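Please put together the full structure from these sequences, using the hints given.
According to my numbering, the sequence shown is numbered sequentially starting from 319.
These are calculated hints, taken from the structure and not from any lab test.
Keep in mind the model is a prediction, meaning the values are calculated, not measured.
Beta carbons are placed, not taken as given, at the ideal position from N, Cα and C, and that holds for glycine.
Do not take every clue at face value.
What the hints assert, rightly or not - With beta-carbon atoms standing in for the labels, derived distance ranges: (1) Ser476 x Ala415: 38 to 44 Å; (2) Lys443 x Gln467: 42 to 48 Å; (3) Val484 x Gly441: 38 to 44 Å; (4) Asp354 x Arg650: 18 to 24 Å; (5) Pro323 x Ser438: 41 to 47 Å; (6) Ser613 x Trp466: 44 to 50 Å; (7) Ser476 x Ser612: 24 to 30 Å.
Stated by the list, open to error - The list that follows gives simulated cross-link-like pairs (lysine to aspartate or glutamate, EDC-like), each with its CA atoms no further than 20 Å apart: (8) Lys378 x Glu416; (9) Lys553 x Asp581; (10) Lys378 x Asp354; (11) Lys378 x Glu339; (12) Lys369 x Glu339; (13) Lys533 x Glu416; (14) Lys443 x Asp581.
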Amino acid sequence: MTVSPDVVRAAAAVHLRNGSEIVEFFNSTVKIHFIDWFNTSCANREAWARKRIGSTDEVKSRFHSIWDNIPVIFDSESVNLLQFLALTSILINEVGAELLPLTEICGTAARPGLAYAFDSIPGVKRSYNLGPANKRAGELFFNDQHFWQAHNQRAGASRVRSMPDVRDLWNGAMYPRHLFPTSLDPAESGFIQQADFFKFRGRGFIQITWRANYKSIVLFVQSYSGSNATILQYKAAWEGLDPDAVCTVTSTNDWDMLFQQTDLIVASRAIGLHNHACGNYLQLSSDAAALAASSQAAGSLYNMGHRINGGDAYAALFSQRVIQMLNALNYR
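Structure below.
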């Protein structure tokens with residue numbers, strides 16, 4: 319699937335500053351809301367087979383809120399139409415039904431609950447306990463006094479600490495399910511759930527993972543200058559604290575609150591932070607050949623998809639989806 323250089327150049331020349339301007343652009347160009355246009359012109363077709371966006375008033379309101387966060391995502395006052403279509407394509411794939419940031423669900427029949435996050439599963443996922451920059455559960459449970467002081471009243475704490483002879487199991491890649499519950503019920507395993515392998519699993523619009531990425535969000539909250547009451551509450555609580563220490567003492571509930579109850583600000587900023595950490599993939603080329611290149615060259619859609627997901631198939635499909643949208647819009 320190819321796209322005309324004229325279409326790419328024209329899209330790159332359109333600059334949009336917020337949700338209202340995006341809605342107005344589509345109302346003036348195709349006479350309907352973007353979501354209605356996508357569901358009519360692209361959804362369930364070609365590269366977009368079996369994909370559509372929810373079209374309720376609530377979803378449209380969240381769409382507006384996400385794109386009011388352009389400065390938070392892009393560190394820029396505006397985005398061009400290429401960037402809008404590309405990031406929206408990611409959102410449609412990841413959270414299109416409701417446009418809500420998600421927390422990764424854990425558990426399969428073979429690896430129930432906490433075991434799924436902890437275990438290394440060949441061909442499926444690495445062990446989150448051994449993830450980049452994460453602290454291993456055994457280190458937190460037995461050696462980290464900040465962790466113990468913050469979480470020792472949670473369910474299961476005494477049982478874990480009563481078995482120091484198995485701490486090596488907590489530093490591995492296979493959950494010790496023969497000794498400890500895999501249940502996701504905080505009343506059974508609340509203490510275990512505060513370890514990095516579970517607390518820093520995927521969250522948000524593009525499933526941000528690992529302590530290092532969450533630490534960047536701590537820094538954002540600590541320097542926040544906006545008016546969201548929930549973020550300001552956490553800013554006050556974290557004032558003067560080392561970001562790594564904040565990561566240790568916060569809870570899974572804290573992070574669910576920040577991602578899901580802050581008017582999508584934290585979830586939006588997480589995209590921007592991931593973009594910075596992964597080569598600024600949101601900076602897309604205005605040259606049609608470079609944009610559509612099947613390589614990880616800077617500025618290509620393929621590169622953006624690969625940086626977000628890590629897979630070749632995802633990157634190729636993502637590129638085709640954005641090109642399909644550009645061709646359907648055919649803006650010149």
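Here's how the hints hold up against the structure:
Look at Ser476 against Ala415: about 41 Å separates their beta carbons, and that is inside 38 to 44 Å. For the pair Lys443 and Gln467, the beta carbons lie near 31 Å from each other, so the given range of 42 to 48 Å is not met. Roughly 28 Å separates the CB atoms of Val484 and Gly441, a value that falls outside the hinted 38 to 44 Å. Restraint check, Asp354 to Arg650: a C-beta distance of roughly 22 Å satisfies the suggested window 18 to 24 Å.
Under the hint 41 to 47 Å, the C-beta atoms of Pro323 and Ser438, about 46 Å apart, fit the expected range. One distance hint, 44 to 50 Å for the beta-carbon pair Ser613 and Trp466, holds here, with the actual separation near 48 Å. For Ser476 and Ser612, the hinted distance range of 24 to 30 Å is not satisfied, since their beta carbons lie about 55 Å from each other. Our distance criterion of 20 Å between C-alpha atoms is met by Lys378 and Glu416, whose separation comes to about 9 Å.
In summary, the hint linking Lys553 to Asp581 is supported, as the alpha carbons are separated by about 16 Å, within the 20 Å threshold. Our distance criterion of 20 Å between C-alpha atoms is met by Lys378 and Asp354, whose separation comes to about 10 Å. A distance of roughly 14 Å separates the Cα atoms of Lys378 and Glu339; the hinted pair therefore holds under the 20 Å criterion. Distance restraint check for Lys369 and Glu339: the Cα-Cα separation of roughly 25 Å exceeds the 20 Å cut-off, and the hinted pair is therefore not satisfied.
For the hint pairing Lys533 with Glu416, the CA-to-CA distance comes to about 27 Å; that exceeds 20 Å, so the pair is violated. Between Lys443 and Asp581 the CA atoms are separated by roughly 31 Å; this puts the pair beyond 20 Å, and the hint is violated.
In this structure, the earlier hints numbered 2, 3, 7, 12, 13 and 14 are contradicted, and the remaining ones agree with it.
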